[in-house]
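Peer 1: Using the sequences plus the hints, can you model the full thing?
As you go down the protein sequences, you meet chains V and F in turn. Numbering follows this note's numbering, in which position 302 of the first sequence is assigned residue number 302; successive positions increment by one, without gaps. Numbering follows this note's numbering, in which position 138 of the second sequence is assigned residue number 641; successive positions increment by one, without gaps.
Just so you know, these hints were derived from the structure itself, not from any lab. It should be emphasised that the depicted structure is a prediction, and the values quoted were computed from it without experimental measurement. Each hint should be verified, as a subset may be incorrect.
[As the list claims (entries may be wrong)] Computed list of lysine to aspartate or glutamate pairs in EDC-like fashion (alpha-carbon distance at most 20 angstroms, straight line):
hint, chain 1, residue 1, chain 2, residue 2
1, F, 524, V, 290
2, F, 635, V, 209
3, F, 524, V, 291
4, V, 68, V, 9
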Amino acid sequence: MGVYDFFPEYEVVRNDTTCVNCRVCERQCANGVHSYHPEITPARLLADSTQCVDCQRCVLLCPTKSLKIVQSNNTYKLNNNWTKKEINEIITQASTGGVLLSSMGNPEPYPIYFDKITINASQVTNPSIDPLREPMETRVYLGSKPEKLTRGPDGKLQSNLGPHLALAMPMLFSAMSYGSISYNAHESLARASEELGIFYNTGEGGLHENFYRYGKNTIVQVASGRFGVHKDYLYAGAAIEIKMGQGAKPGIGGHLPGKKIVDDISRTRMTPEGSDAISPAPHHDIYSIEDLSQLVYSLKETTAYTKPVIVKIAAVHNVAAIASGIARSGADIIALDGFRGGTGAAPTRIRDNVGIPIELALAAVDTRLRQEGIRERVGIIAGGGIRSSADIVKAVALGADAVYLGTAALLALGCHLCRACQTGKCNWGIATQEPDLVKRLNPNVGYKRLVNLMRAWQHEIMEIMGGMGINSIESLKGNRLMLRGVGLNETELGVLGLKHAGE
Amino acid sequence: MRDVSPTADVLSISAEGLSFKELNDKLRATNATEIVINNAAGQRYIAAGAEGRRLTINGTPGNALAAYMDGAEIIVNGNAQDAVGDTMNDGRVIVHGSAGDALGYGMRGGLICVKGCSGYRTGIHMKQYQDKSPVIVIGESCGSFLGEYMAGGTIVVLGIGLRGQAPVGNFTGTGMHGGEIYIRSDEEPKNLPAQVSIDTASNLDDIRGHVRAFAQLFGCDADELLSGNFFVLRPNAKNPYHSLYTQYLR
Ligand code: SF4
Ligand code: SF4
Chain V
1 MGVYDFFPEY
11 EVVRNDTTCV
21 NCRVCERQCA
31 NGVHSYHPEI
41 TPARLLADST
51 QCVDCQRCVL
61 LCPTKSLKIV
71 QSNNTYKLNN
81 NWTKKEINEI
91 ITQASTGGVL
101 LSSMGNPEPY
111 PIYFDKITIN
121 ASQVTNPSID
131 PLREPMETRV
141 YLGSKPEKLT
151 RGPDGKLQSN
161 LGPHLALAMP
171 MLFSAMSYGS
181 ISYNAHESLA
191 RASEELGIFY
201 NTGEGGLHEN
211 FYRYGKNTIV
221 QVASGRFGVH
231 KDYLYAGAAI
241 EIKMGQGAKP
251 GIGGHLPGKK
261 IVDDISRTRM
271 TPEGSDAISP
281 APHHDIYSIE
291 DLSQLVYSLK
301 ETTAYTKPVI
311 VKIAAVHNVA
321 AIASGIARSG
331 ADIIALDGFR
341 GGTGAAPTRI
351 RDNVGIPIEL
361 ALAAVDTRLR
371 QEGIRERVGI
381 IAGGGIRSSA
391 DIVKAVALGA
401 DAVYLGTAAL
411 LALGCHLCRA
421 CQTGKCNWGI
431 ATQEPDLVKR
441 LNPNVGYKRL
451 VNLMRAWQHE
461 IMEIMGGMGI
471 NSIESLKGNR
481 LMLRGVGLNE
491 TELGVLGLKH
501 AGE
Chain F
504 MRDVSPTADV
514 LSISAEGLSF
524 KELNDKLRAT
534 NATEIVINNA
544 AGQRYIAAGA
554 EGRRLTINGT
564 PGNALAAYMD
574 GAEIIVNGNA
584 QDAVGDTMND
594 GRVIVHGSAG
604 DALGYGMRGG
614 LICVKGCSGY
624 RTGIHMKQYQ
634 DKSPVIVIGE
644 SCGSFLGEYM
654 AGGTIVVLGI
664 GLRGQAPVGN
674 FTGTGMHGGE
684 IYIRSDEEPK
694 NLPAQVSIDT
704 ASNLDDIRGH
714 VRAFAQLFGC
724 DADELLSGNF
734 FVLRPNAKNP
744 YHSLYTQYLR
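Peer 2: Okay, here's the thing in structure tokens:
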């Protein structure tokens, strides 16, 4: 720590009376925090808190529970304007001249609308339903629904339904590329999706050759850099997602540094080893909804209209108008990504200041598409800030067909939200490509944990629906009367399309 | 690229009055490997993902010709529109005319030859990988942003008929981090970004074959083309934005 540095925000505290010098922490910490010192008496482990990212790995693996990480109470003179955060950021940038780079979702204290919305339950006049006894439908079909039924000359219904994704429950794992997360993390997501009857998403890093076998549970992504995109890849997935934007960094593209483009990653992305993989935010061939439509149809033509096409955008100010355009572009599904969505790396200012909450974006889009009579043309997936089954129920009632889960899935795999993914040294074997770290995540365990979480949430969704007297997720979709706002102002209630509690 | 048997029967399709979907449904429905499309009038997505066939297109094919193409051969007797060969993996596209914007976007393999000009953003995001290395040869000139974010492959702009003037627009190679752009010209291109370095090409070994193939296709004099002055643009770094960021663990 030099004079132009700052005291660590989290400190490693070791109980030397219980520590047995087993040195597990030293081996587990890829950040080199712990070191053993036989030269001092008594010989013991010391910690360099400046390198600690608070990932909790050593804490949990310490056999004698002698470690904890605490928030430092070293403090600058308190100032509500110039907070510790603001001061430390300036110190960092004055030292390096660099753009601050962070990861995971926006951690700042913006309102969380999900926490200001409550769910209805039936009493007396319409009975609730017991999901343990009665059938409950959580199956969702995602895609474009025909506007009207057509009959042939024989009077029989003609099938004019385009390709759909059938989900056993209204959840999908959101786009996380191989490169940003590890092989073992991808394998866990793929296997869990297969077992659960849902989907995971390759992100923009291509599809590893070993994972083509999970194709029917895979969504393949096409982003501006077109990494790993070729005909077999497009055919391999159950759907194709065009990435226009991402909630964690709207207006910013993907950039995997060359040092992370090693053998397998390079093969899967089809880019040379050691070269940066840059996919800028703008698709430099898309300047209008018409241009977007061209990309949508070029993908449909290439796959002979067998795959639904998803267009993913970040939730930004004009999201409703943009979504209306997308619904008319030929896309089958719109994915909306709120500003709490995670990422492997994003400029800190963008992560913390750009975009809008998914709750508001979702409600605005659903309202707009209904007003324009085109809601059924597209399925809606909401992501970026979904933390629990209750959030899912609220999202569906606000108008989503299904939700994307990214951070929640990573937490199930062991992530402790240390927000250090951008360093590539994830101690949990998730956001890393270092073989010694990757093998810490056992896909046999990982996939089971994902399955556990999703099954638990599915059951909770059934219970909440049963309480409302609803036995099918389709009847919950856009059913905003099942929600009430608590402590929200008129404008917020208006955008959300909700009544206040008590109304 | 798979060889197309020269003895195969030729299937002729008239595109007149057909929507892109109707035309492309016909192409998908046939196993023919030698196809002629007459009266093409802007139908998009022709030969999207095509492999193992030869298509001769008389008229003007629409946008996204040969998108994701994986080993077919396309001959256009006329002009092509935007987004020719988007994310093309393998095969050849030969345009006996000019082409629009964003030609060869994200192209990873194969060859595109355009006799005349191509528009803005030619060859952007082009990349090479292992034995795959895409090639674009433009006979006359290109618009601005040629080779933007290029990560591999070769682009040759021959400047035919420009009497030594630079046959490219502004900002050639912005964000370029791989590949090479050869420009036949007496004057340096304007407004080059910091990410590229420019030199007079001391030898043309890497492009001689492509130029000869171009000359043969369009009946020009290869030796004369190769005798001109060529500039070569290469990226300054494989990691152009390496020092832009600083780790911030918050
Ligand atoms: S970075 Fe993780 S493993 Fe290392 S000391 Fe901090 S909590 Fe422990
Ligand atoms: S994925 Fe790893 S590095 Fe990223 S926040 Fe989670 S534990 Fe930290």
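Peer 1: Confirm or reject each hint.
Peer 2: Hint by hint, here is what the structure shows:
1. 524(F) x 290(V): holds, 17 angstroms
2. 635(F) x 209(V): Measuring from Cα to Cα gives roughly 18 angstroms; hence the hint holds.
3. 524(F) x 291(V): holds, 17 angstroms
4. 68(V) x 9(V): holds, 14 angstroms
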